[in-house]
Structure formats: C-alpha cells, structure tokens
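Same order as they appear, the protein sequences are chains A and B.
So for the first sequence, the numbering used here puts the first residue at 1; every next one is plus one.
So for the second sequence, the numbering used here puts the first residue at 112; every next one is plus one.
Think of the hints as simulated: they come from the structure by calculation, not from any bench.
From the three backbone atoms N, C-alpha and C, an ideal C-beta is built for every residue, glycine too.
Please note that the accuracy of each hint is not assured.
Said to hold, decoys possible - Per the computed footprint, the stretches of chain A lying under chain B, defined by three or more beta-carbons under 8 Å from a beta-carbon of chain B, are: (1) 44-56; (2) 86-95.
To be verified - Here are the simulated distance ranges between beta carbons: (3) B:M121 <-> A:F69: 26 to 34 Å; (4) B:N164 <-> A:A56: 38 to 46 Å; (5) B:G214 <-> A:E62: 36 to 44 Å; (6) A:D40 <-> B:S136: 38 to 46 Å; (7) A:T15 <-> B:R127: 47 to 55 Å; (8) A:D1 <-> B:K222: 42 to 50 Å; (9) A:T15 <-> B:E177: 50 to 58 Å.
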Amino acid sequence: DSGVTQTPKHLITATGQRVTLRCSPRSGDLSVYWYQQSLDQGLQFLIQYYNGEERAKGNILERFSAQQFPDLHSELNLSSLELGDSALYFCASSVQGLSYTFGSGTRLTVV
Amino acid sequence: DAKTTQPPSMDCAEGRAANLPCNHSTISGNEYVYWYRQIHSQGPQYIIHGLKNNETNEMASLIITEDRKSSTLILPHATLRDTAVYYCIVRVFDNAGNMLTFGGGTRLMVKP
C-alpha cells in the first residue's frame, strides 16, 4: 500500500457517459497530480492541484475536469466519454516535491 | 526540465547487476536526477534521486558523473520482479512540487 488510494480500481462504461475517479493522497501531502496512460503509451500529465488550488495543467481535454477538496482528496471528472478515453488513470501525491507517491490506478474501459 | 535519453530496452540475467544508463547533457546546476520504475500496469514507484553525489538506498545505487551529464542506476542483484520500465527524470527541486514529466524510459527484462 503506497498510501495513495484510488477508487474505483476498474470502471466500465458506455460512450457518452460521465464518470468520476477519486484519489486520496498520502497523509500530509498537499499536492495531487493526475496522469493518463493509454495502452502501451507513456504517462501523460493531466493536471495538478496544490492545497485546493489548480497549480498546473497538462494535456487535459476540455471534457475532463478535476478538483481538490478541503480534506485534500481529489476527483477527476470525465464526461462525454469516447472509446479513446479508455486508459489507466493514476493519481500521485507529494510533499514539497521530494518523492512522488503514485496510487495503483483506475482502469477505465469505455465500450 | 532538462531532456534525458535512455535506451529503449535492456536485458539482464537474474542475480547479476543491472546498470541502466541515462544521458542528461543539458542538466543545470540546480536540477536533480530522479529514477522511477513502473512494473506492468502498476503505478510508478520512486527508486532514488540525487544531485551530484552518488546515492544508495535499499533498492538501488545512483552514480552521477562528475560533470553531471550522465548517470547510471544500478540494481545490484536483479530479480525477476525487477522487470519493469525505468524512467530517468531530471528536474528542479522546488517546494511547490511541480509535476514529473515521464519520457519513454528503459524497458528492463530480467531473465532467468
């Protein structure tokens, strides 16, 4: 257990639907990062939150959004899903940029 | 962040040392070298990081050349469970903790 908890582990949904992925960071970590990894592709940075505020944006589609709540957990919302959104979605957290701890990911399958 | 170059794949015999190279010729003085690995479909795992001195922990050793333009991650006694993609990342350490940018990495295959 890395200390970063992601739920659900697996998600199967239909095209056009909306889903929410949840991440609880490691205790004490203020930063949360979301990454997408499509089949046999690299890890693509999506978005970062730091203590409730958006800090950085990467290649995140407009159909995707995220937020970080006062208790520091974060949610990634994916809407109008397409087949190409099928991927592993990882959340990571860090404290002061020292080491970054990743969760075990959510595998999203869009059918 | 400075660009890194890693071989796309390497093989290593079980029980032998695995030496994974990384070139970062444009590294600047305040950039650290980080190593992460990703075992099939799992979340990336932190291995080690360093600035200019060699570093060792329970997982691996990091050797950084004196000019800091390249480094080597050493797994002293590779096991089958070390089969993974290894990522070398160079970035500035900052308190805000900006994101890690992953390249292609090196796919290490440990063989019996």
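Status of the hints after comparison with the structure:
1. 44-56: Since three or more residues must qualify, the claim that chain B covers the segment 44-56 of chain A holds, with 5 doing so at under 8 Å.
2. 86-95: With 5 residues close enough to chain B, the hint holds.
3. B:M121 <-> A:F69: 26 to 34 Å: Check failed, 42 Å falls outside 26 to 34 Å.
4. B:N164 <-> A:A56: 38 to 46 Å: At roughly 30 Å between Cβ atoms, A:A56 and B:N164 fall outside 38 to 46 Å, so the hint is violated.
5. B:G214 <-> A:E62: 36 to 44 Å: The hinted range 36 to 44 Å is violated for B:G214 and A:E62, with Cβ atoms some 26 Å apart.
6. A:D40 <-> B:S136: 38 to 46 Å: violated, 28 Å
7. A:T15 <-> B:R127: 47 to 55 Å: holds, 48 Å
8. A:D1 <-> B:K222: 42 to 50 Å: violated, 30 Å
9. A:T15 <-> B:E177: 50 to 58 Å: Hint holds: Cβ distance 55 Å, inside 50 to 58 Å.
Hint compliance for this structure: hints 3, 4, 5, 6, 8 are broken, all remaining hints hold.
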